[in-house]
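Please dock the two separately framed chains into a single complex, following the hints provided.
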Amino acid sequence: MKLGIIIIQVLFLHVFLFLGVVLKQVIPLPIPASMFGLGLLFLALSCHIIKIEWVEQGATWLMAELLLFFIPSAVGIVNYQQIISMQGVEIVVLIAVSTMIVMGMTALTAEKITARKRSSEQH
Amino acid sequence: MMVVFTLATYIIYIFAKKTYGKIAIPFFHPLLLAPILLIVLISITHVSANQYLQDSKWLSHMLGPATVAFAVPIYKNLPIVKKYIGTIIVSITAGTLVAIFTTLLLSKLIHLKYDFIISILPRSITTPIAIEVSKEIGGLPTLTTVFVIITGVIGGVVGPSVLKWLSIKTPIARGLALGMGAHGVGTNKAMEYGKQEATFSSLAMIFAACITLVWGVLLIPYLLS
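As given, the protein sequences belong to chains A and B, one line each in that order. Sequential numbering from 4 applies to the first sequence in our numbering. Sequential numbering from 33 applies to the second sequence in our numbering.
The following block holds chain B by itself, in its conformation from the complex (with noise of 0.2 Å):
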């Protein structure tokens, strides 16, 4: 079963990613169509979630790998990094701030229960790495996946607007935005604005996890006792 779960999450994926690149609205956005047609699959063949996610658990397990891969964006464009040092850490430690202390006070503004709290704060980061932070701060890993997907596609359809109504004009402030923001789905976006808004992209996404890590451990539990 494994082998065909994760071909039909390949198939589905890749007719998602061609929908929304003919027919652009946030509802066809692949990170949303794609897991409704296979929970409707999954449904429909009386297969249980928790059977498709052991079947297809060697796919998110590439998240990993992925992380590592973002060593060769790091590495190509040290030049950069260098040069912007100091924007770059400056703005995402303001960015990852911001990300934390509105979570908080608006999740606190919803009454949300204490675990969703927790799970919901390290959400603007990539999942591999917002895991590991639920975890540190006592979270729910699952819950925390679900709430970094739901940045991730809001990040990606409301990004451009926000740019936009700012007028923000500099690759490296549309790239980092969009990297802290909505971490991987961003990147996706940035991609489509051009390579430097790509590259400080995937730049805010490490340096955001990183910084994030560091919260993890000196803010957040201050912050929730």
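The shape of chain A in the complex, shown without the other chains (with noise of 0.2 Å):
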């Protein structure tokens, strides 16, 4: 009962993909049909065309298995062996000291900004 309801409403959400589609032939802004998919469902959610309850379980199993869907692509990885082999560990070794000071700075600044949000709260 429960997987009928997840696929009909993954269903439905390639309505909104397909909506996306046909709006990024209309407006010529370099923004991926998903991207449009995701403002127009955003749309319909808060204008009350649908209902939460239309998408949600869909939308949570999506997002809860995200890591399923990108396995294929990770599997493609085989068709670049060359590169790979030669610069793999350097590009590693760039992506983790990049991730690094990318998550410290955001952290970082939003933990400020909370800070001053609160003692100014306070005061």
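It is worth saying that the hints were derived from the structure and are not from the lab. Some clues are possibly wrong.
DSS-like, lysine-lysine: derived pairs with alpha carbons at most 30 Å apart [unchecked claim]:
#, chain 1, residue 1, chain 2, residue 2
1, B, K196, A, K54
2, A, K115, B, K196
3, B, K201, A, K115
4, A, K5, B, K54
5, B, K114, A, K115
6, B, K201, A, K27
7, B, K115, B, K201
8, A, K5, B, K49
9, B, K114, A, K27
10, A, K115, B, K108
Stretch by stretch, here's where chain B covers chain A in the computed footprint (C-beta under 8 Å, at least three residues) [said to hold, decoys possible]:
#, stretch
11, 52-61
12, 104-118
No residue lacks a Cβ here, since even glycine has one placed at the ideal position from N, Cα and C.
In structure tokens form, the structure reads like this:
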């Protein structure tokens, strides 16, 4: 039963993806169709055109199993064996260093702003 | 064959997820373990990687509706979004800029080939959008996907340590950092911290994608010229 609901809701989310594809044809901005779809679904929810219950379970499932959808592309890495064997380690170190700085800076910025907000609320 | 490979991918994914749940060492991360097992499987059965990719295409296709699905957490958390919009935008703008500049600088340092540099720049955002940015600036989408995945796996592993070292305590800072640094995988990790962290992480993912789209047009072309 639950599986059926999820399948139907995932199919329903495709309607918004499709509308996003259509919108992309009309609006010549470098915005992906899925992003247009996200915007349209948000608008439809905000304007109460559709109910949250119609999409919630499907959406939750898609977001929870996000890793599954990355796997085929990860297998595609075998097509880049040459480069990976040449500079693979360097690339991994690059990404690790950069990601740590990105996370650190984002966290510190957010934490600073939150602290400042709190102290200004107290005074 | 289509069903066979999709089913195999799903079973191996579930197995990898369970294994990682029991033995949480980086090597057993589902995004490493599952592809390695699948690569072994297709080489044993003499199936080419392209054949596999063709057959399991619709699994990757699900990233499209999955992106659309992120409208649900935004809608459900609208009061939080409104309350913290300033913090979110400032932190994620900083995050995206740091991501682009450190990646560019480090890839010049290791003398990465030009088309690799373009393909690696959008690596910290979610795949479907990263591919679009990559196409826009002239990168190779498949390669970008691989970099996005490496970022996710590494981010999911180092993220908690970074938060610990810097003694980050607030759910908003934790969530934003994980979603900004490691997109979907970071959000997955944020769920382990708590509901608030997961919410901020998915918001960070969406905002990072939107802001990077803007940089793809306004900033990156000038950095590369």
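Structure versus earlier hints, numbers of those that do not hold, lowest first: The structure conflicts with hints 1 and 6, although it agrees with all the remaining ones.
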